[in-house]
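A.B. asks: Place chain X on chain P using the hints.
Protein chains: 2
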Amino acid sequence: MNHKGLLVVISGFSGTGKGTLVKEIMKKYDNYSLSVSMTTRSPRTGEVDGVDYHFVTNDEFEKLIKEDGFIEHAGYCDHYYGTPKKFVENELNNGRDVILEIEMQGALQVKEKYPETLLLFVTPPSITELERRLRGRGTETEEVIMKRLSRAKEEAVYMDKYDYLIINDKLDECVTEMNDIINAARRVPVRNIEFIGDIKNQLDRY
Amino acid sequence: MNHKGLLVVISGFSGTGKGTLVKEIMKKYDNYSLSVSMTTRSPRTGEVDGVDYHFVTNDEFEKLIKEDGFIEHAGYCDHYYGTPKKFVENELNNGRDVILEIEMQGALQVKEKYPETLLLFVTPPSITELERRLRGRGTETEEVIMKRLSRAKEEAVYMDKYDYLIINDKLDECVTEMNDIINAARRVPVRNIEFIGDIKNQLDRY
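Line order of the protein sequences matches chains P and X.
Going by this note's numbering, the first residue of the first sequence is number 1, and it counts up by one from there.
Going by this note's numbering, the first residue of the second sequence is number 1, and it counts up by one from there.
Isolated chain P (complex conformation) (with noise of 0.2 Å):
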């Protein structure tokens, strides 16, 4: 029926396992492909092009802007950051299923552009076990920590916006569950309009 791959998007607040998360759905099911984004700022110690970001230059990146080559970017700390078009479009197209890790305002522009869009909230089962996390990795100052819950607070206001909210208590578990909300989703009619039409058409001679 729908023979295009869907565009899942995760969002959600810093230190609730997003990341561990993405990794665990790739390696458990071989339907996903990670899309990577692009970004202007330098490789730190450890990261790798094409894996954790493709590192341009400024016109390189300008010029794809100027060539609509961008699902969503945005300028973040005088460096621009970005998803390119190209790879998420001939993935669908071949009908594998596009995973974008991506904060909020990048969802929503992602989602307006394309209403078929599956947006997924990554939280923890409450704020304490959050904050329970985020002292848990022994490597933050209180003052990021602070910034960081701070930093929650605002997108919190964003959670109304997303289809399903994914909430990581247990890994395991949530890697499944993630998967059986991507799957329902496929079953939602604005990803089936032409399913839909096609019933439309066939009913119409009755």
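Just so you know, these hints were derived from the structure itself, not from any lab.
It is possible that some hints are incorrect.
25 Å max Cα-Cα, derived DSS-like pairs, lysine-lysine [said to hold, decoys possible]:
(1) Lys113/X / Lys161/P
(2) Lys18/X / Lys200/P
(3) Lys200/X / Lys147/P
(4) Lys161/X / Lys111/P
(5) Lys161/X / Lys113/P
(6) Lys161/P / Lys4/X
(7) Lys200/P / Lys147/X
(8) Lys4/P / Lys161/X
(9) Lys4/X / Lys170/P
(10) Lys200/P / Lys170/X
(11) Lys4/P / Lys170/X
(12) Lys200/X / Lys170/P
(13) Lys153/P / Lys200/X
(14) Lys63/X / Lys85/X
(15) Lys18/P / Lys200/X
(16) Lys161/P / Lys161/X
(17) Lys161/X / Lys200/P
(18) Lys27/P / Lys86/P
(19) Lys113/X / Lys161/X
(20) Lys200/P / Lys111/X
(21) Lys200/P / Lys4/P
(22) Lys111/P / Lys200/X
(23) Lys111/X / Lys161/P
(24) Lys200/X / Lys161/P
(25) Lys200/P / Lys153/X
Short derived list, chain P residues pointing at chain X, Cβ under 10 Å [as the list claims (entries may be wrong)]:
(26) Glu154
(27) Tyr162
(28) Leu165
(29) Asn192
(30) Asn201
(31) Gln202
All values reported here derive from a predicted model rather than from experimental measurement.
Don't be surprised by glycine CBs; every beta carbon is placed ideally from N, CA and C.
C.D. replies: Here is chain X on its own, set in the frame of chain P:
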């Protein structure tokens, strides 16, 4: 997080096997309760009061209307049909998921009154297949088959108003998929207003 059950309304074209689907999902999972409609029409041979319908008098039905005792009700062929509110609310408050099998106008009434209601539309993979199934019963005259198909044409207009399409191809897979879809639907923000409110409240102090 969400302690109440989910109200699940099932509609769909006549001949799509809604009844069998409902029966099978009730058998396979134990979290569902089936709502039995009330009617003023007389029982047909074999129909059991309290199982197929609650059979009541006109006066009893109209008294319940006045007491706001229905989730939805309608007149059809000189008889009343309706869904008694008390059973549904009791079950939901006990954390059980309630299934209503009703037609589209009723379904949309329910959704308007209870926006967290889940609307499922059962459809065969194609109209050719629907026609094949209607003929396959071998019990319907050509006239009745044509009447059902022309009714399906009217009903198809509402497909987009439903939350999910349930494509009934293979019964077994369809029952599992329906249950997965219902579980996924629990994670939609509109059904987690309390949880989202809690998260926002907890973040307020940062």
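A.B. asks: Each of the hints needs a verdict: does it hold here or not?
C.D. replies: Outcome of the hint check:
1. Lys113/X / Lys161/P: Roughly 22 Å between the alpha carbons, so the hint for Lys113/X and Lys161/P holds.
2. Lys18/X / Lys200/P: Answer holds: Lys18/X to Lys200/P is near 20 Å, not above 25 Å.
3. Lys200/X / Lys147/P: holds (16 Å)
4. Lys161/X / Lys111/P: holds (20 Å)
5. Lys161/X / Lys113/P: holds (22 Å)
6. Lys161/P / Lys4/X: holds (22 Å)
7. Lys200/P / Lys147/X: holds (16 Å)
8. Lys4/P / Lys161/X: Holds, at about 22 Å.
9. Lys4/X / Lys170/P: Holds: Lys4/X and Lys170/P sit about 22 Å apart, inside 25 Å.
10. Lys200/P / Lys170/X: holds (22 Å)
11. Lys4/P / Lys170/X: holds (22 Å)
12. Lys200/X / Lys170/P: Measuring from Cα to Cα gives roughly 22 Å; hence the hint holds.
13. Lys153/P / Lys200/X: At roughly 7 Å apart (the allowed maximum being 25 Å), Lys200/X and Lys153/P satisfy the hint.
14. Lys63/X / Lys85/X: With a Cα-Cα distance of about 13 Å, the restraint between Lys63/X and Lys85/X holds, given a limit of 25 Å.
15. Lys18/P / Lys200/X: Measuring from Cα to Cα gives roughly 20 Å; hence the hint holds.
16. Lys161/P / Lys161/X: holds (19 Å)
17. Lys161/X / Lys200/P: holds (14 Å)
18. Lys27/P / Lys86/P: holds (24 Å)
19. Lys113/X / Lys161/X: holds (15 Å)
20. Lys200/P / Lys111/X: holds (23 Å)
21. Lys200/P / Lys4/P: holds (21 Å)
22. Lys111/P / Lys200/X: holds (23 Å)
23. Lys111/X / Lys161/P: Since the Cα atoms of Lys111/X and Lys161/P sit roughly 20 Å apart, the hinted pair holds (cutoff 25 Å).
24. Lys200/X / Lys161/P: Distance of about 14 Å is within 25 Å: holds.
25. Lys200/P / Lys153/X: holds (7 Å)
26. Glu154: holds (9 Å)
27. Tyr162: At about 6 Å, which falls below the 10 Å cut-off, the nearest Cβ of chain X leaves the hint on Tyr162/P intact, so it holds.
28. Leu165: Where the cut-off is 10 Å and the nearest Cβ of chain X is about 5 Å from Leu165/P, the hint holds.
29. Asn192: Constraint on Asn192/P satisfied, holds at 6 Å.
30. Asn201: holds (9 Å)
31. Gln202: With a minimum Cβ separation of about 4 Å from chain X (threshold 10 Å), the hint on Gln202/P holds.
The structure is consistent with each of the numbered hints, conforming to all of them.
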